[in-house]
Amino acid sequence: MASHAAAASHGAVAGHDDGHVHHHHTTTGLDHRKIAIWAFIGSECMLFASLISTYLIYKGKSLVGPFPHTEYVDAAGKVFKPILDIPVTSASTFVLLMSSLAMVLALQAVQLKGQPLPAGAGWWTRAQRSSQLWLGVTALLGAMFLGFQAYEFTSFVREGLTLKTNLFGSTFFTLTGFHGAHVTVGVLWLMSLLWIDRTRGLTPKDELVVDICALYWHFVDVVWIAIFTLIYLIQ
Amino acid sequence: MSHDSEPAEHAHAHPTGATYLKVAAILTLITVIEVWAYYIPALVSSPLFNPSLLIMSAAKFAIVVLFYMHLKYDHKLFKALFTGPLIVATGTIFALLFLFAKISL
Amino acid sequence: MATLATPTPAAVAGSDAKSGLWSWLATTDHKRIGTLYLWTALAFFLIGGLEAVMIRTQLARPNMGFVSAETYNQLFTMHGTTMVFLAVMPLSAAFFNFLIPLQIGARDVAFPRLNAFSYWVYLFGGILITLPILFQAAPDGGWFGYAPLSTPAYSGVAPGSSELKMNMDFWVAGLQVLGVSSLAAAFNFITTIINMRAPGMTLMRMPMFTWMSFVVQFLLILAFPPITVALVFLMMDRVFGTTFYQVAAGADPLLWQHLFWVFGHPEVYILILPAFGLVSEVLPTFSKKPLFGYNVMVYSGIMIGFLGFGVWAHHMFSVGMGAVADSIFSLMTMLIAIPTGVKIFNWIATMWSGEIRFTVPMKFAIALIAMFTIGGISGVMHSSPPADLQQTDTYFVVAHFHYVLFGGSIMGIFAGIYFYYPKITGRFLDERLGNAHFWLNFIGMNLTFFPMHFSGLLGMPRRIYTYDAGQGWDLFNLLATYGTYLLVVATAVFVWNFVRSRTRGAVAGGDPWHAATLEWSIPSPPPEYNFAKIPTIGSRYPLWDLKEPTWNADPSGHAVPSDPSDLQEETASHTAKALGIPMPYPTAKPLFTAIGLVVMFGGLLLFRDHHAVGLAILLTGAAMLIGGLYAWLTSPLE
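Residue numbers (this note's numbering), protein chains in the order written: chain A, 1 to 235; chain B, 236 to 340; chain C, 341 to 978.
Hints may contain errors.
DSBU-like, lysine-lysine: derived pairs with alpha carbons at most 30 Å apart [said to hold, decoys possible]:
| hint | chain 1 | residue 1 | chain 2 | residue 2 |
| --- | --- | --- | --- | --- |
| 1 | A | K78 | A | K61 |
| 2 | B | K257 | A | K205 |
| 3 | A | K164 | B | K257 |
| 4 | B | K337 | A | K113 |
| 5 | A | K61 | B | K257 |
| 6 | B | K311 | A | K61 |
| 7 | A | K205 | A | K113 |
| 8 | C | K917 | A | K205 |
| 9 | C | K628 | C | K917 |
| 10 | C | K505 | A | K205 |
| 11 | A | K61 | A | K81 |
| 12 | A | K164 | C | K505 |
No lab work stands behind these hints: they were computed from the structure.
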């Protein structure tokens, strides 16, 4: 997983170096980094397809519980409730969705930077112009999502589900753990952007740098959309 | 330096903050419906439950990709770079599920 | 018409003043990185060859005791792993690096530092996976590493120890590291080919090697994630005790096989398409004719790549997937023979009525067509499940894939090496030694692998370390071993030629073969900036438009003749600075970052048996990786 993240962060590459360097001419007129991040996202589709396939292949194949959606009674008569906590996960799903909203607003704020505010602009219009605000909110919501995940993992372990317990434990923790690792990389990336914004200030010239981070972030969000339905809701 | 390729279609048709808010509202609404359906036993036992959840999930997926990842407004190259692999990935999932007898023809 | 001057290599060397070890460690020049790939991959090719020699010596006669069964397992595992991941793929990568920017008229790849990172990760990953063989601890579970056989339950415990043998750990970690290298390189080349083509270099004017490489990069980005996932599962089973491949916990023993072959079959095309690209450059040049059916060649390459994702289960007919799955995968496999056959016929048609020059690269290219056809036909035989059930896991299959990998990939790569050596070094490889190499190689290869068709059909299984006499296999095995020894002689001749010609070879000019594509319009070896002025391209064969207009008889190929003034050769004595061309700074940050990645995996290897030490090393590696990345990303490129 770390391996993938390493290749991943390369999408980020550079972002930071080229703001001041002259622009290279390219064949398509598009920036190298944006092509690379889309190719990377394409590759990530295959990564999560493999993980999700394995989860679904092993669904219902665990010999012992706890199980995701059904009760399990072990040989000693101990009862394990269905382990997935839908209300909590629905909340974390909502948090991640909202982080995507904050992300697009951050990108918009960078794009609009330096443009005069229309006369009589309300608080919402003003708030929309703050890239630091939205980058911070995105990172914070991402961190909240990770907090939910940490809570979920520890409570599962307390209830008797670990990586080693059964096929469900192995596949569930690996799949959602991979996703969590991606969120972690995203939060670090967002915090780096926030730090740049605070020190030298992001300008419309940096649109692309924010855009590739946003593409990565939204992709991590759409993966969760798939995971939430396939793992949590479908029984 | 004249050549064949089209210049980058940029930022012209970018949606505004209001669009982003509408998209967020739709995404939230679909999520609420999904979770609500999960708690209605009659719905869960219906043969339409899984397909409709999959459709709603796919819709959310598509909305985020088209609007938040602005693929709808962006260069067609990016569409190709994303949809190509997505097709291979989806095909692989279905093929594997078929091979492991999770779905049948 | 422009006359192309012939600068001497000495003059060119002047422009490349930077030398010494540091200049290589910190290089970001795609040509130097390509050269590093070439040398490293050739070294691994020799190691893999040596392993093959030991395998064949053990099998020369019945009941030989040259190596133990255990060593034999390590040898065939490492032979396959080395040849696939450390020799053929990186040899292709050497050409991607050296040629793609030159063929599309670019000054470097899109991300020069990422390119250096890919190389260093490959080098260290290769060492990680190869070094244990010196301690009799090399991976021993086959290049396909089938789980559950590679899980702790079956991969054994070292004698007199309660610790799990680490053999397969090296393989699991090494392949993940190599995957990072391939993925990073693939994102880089996709971006380079899409975005760094010179004016006028439309997609359908790109040289065929660049086209095939383009297809391969997409195969890489889609094929490596599944194996990465399969390897992560295996590593977690081995290190953290998860249950992915534990049949006792209800796991399906076919999961690994499917995930592996979802990667494994596209991998076959990753190995062969670059060689197809190379011969597609060689054949037109020495036939003095454009490539026959360029468009169809492109489409069939894309077709092969796409269909390549839908045939994987034909490696698994014998596991009993059921009639429907067998039929679908059989049909898809037969289908993929069509675009492949199209390529064979197009190459033949390219030579048809051409004015053929039988140079060494041309001989290797023709050998590819012939040998690959044999391997392709035995491949179609396997596509039929009833036939496959007889052939699977026998030497017939070994014969088949060596005809496509040695007869195809290696022949094509040799064609490429003889063809491009003058461009890379400024000097020719010796033609006489080259001919000796070719014939020894050609005869040796057929003597080695053709008899395996017979021993295989007579029932000799793969991967056995010895066999009893009297089963009708003796003669075929002996012949194959003699063939291998002949290949040793052939390779020795090649290595001698390769090393000697760097200083003693005849001096080659910028365009020694009268070839047609952009890489030949610049000096050999090319200056660090490649093109003093980025050319504008008007056809698929810009140099022929200029020098040999009668050779370019393809009416669709040159709607607009390329501008001669763009293709005039520069005198190579300028430096990039004098020409005002910004070049990337040399930097060792990618090297440092790559070391961090490998240290991290090293820590993971130790983690199972020594938690604290393992974790400390892992975290050190991660810190190096992250720190290296930050330092790299926040420093300017040029």
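Taking the hints in turn, this is what the structure says about them:
A C-alpha spacing of about 20 Å is found between K78/A and K61/A, which places the hinted pair at or below 30 Å, so the restraint holds. The hinted pair formed by K257/B and K205/A meets the criterion: a straight-line CA distance of about 27 Å does not exceed 30 Å. Of the pairs offered as hints, the one joining K164/A and K257/B is violated, with about 43 Å between alpha carbons and a cut-off of 30 Å exceeded. With a C-alpha separation of about 52 Å, the suggested pairing of K337/B with K113/A is violated against the 30 Å cut-off.
Of the supplied pair hints, the one linking K61/A and K257/B is violated, its CA atoms being roughly 41 Å apart against a limit of 30 Å. A distance of roughly 42 Å separates the Cα atoms of K311/B and K61/A; the hinted pair therefore is violated under the 30 Å criterion. The hinted pair formed by K205/A and K113/A meets the criterion: a straight-line CA distance of about 10 Å does not exceed 30 Å. Distance hint between K917/C and K205/A is fulfilled; the C-alpha atoms sit about 28 Å from each other, no more than 30 Å.
Taken as a hint, the K628/C and K917/C pair is broken in the structure, with Cα atoms around 38 Å apart against an allowance of 30 Å. For the proposed pair K505/C and K205/A, the alpha carbon gap of about 55 Å is over 30 Å, so the pair is violated. Among the hinted pairs, K61/A with K81/A is consistent with the structure: their alpha-carbon atoms are about 18 Å apart, no more than 30 Å. Between K164/A and K505/C, the direct Cα distance comes to roughly 21 Å. Compliance with the 30 Å bound is thereby established for this hinted pair.
The structure does not agree with the numbered hints 3, 4, 5, 6, 9, 10 stated previously, though it agrees with the rest.
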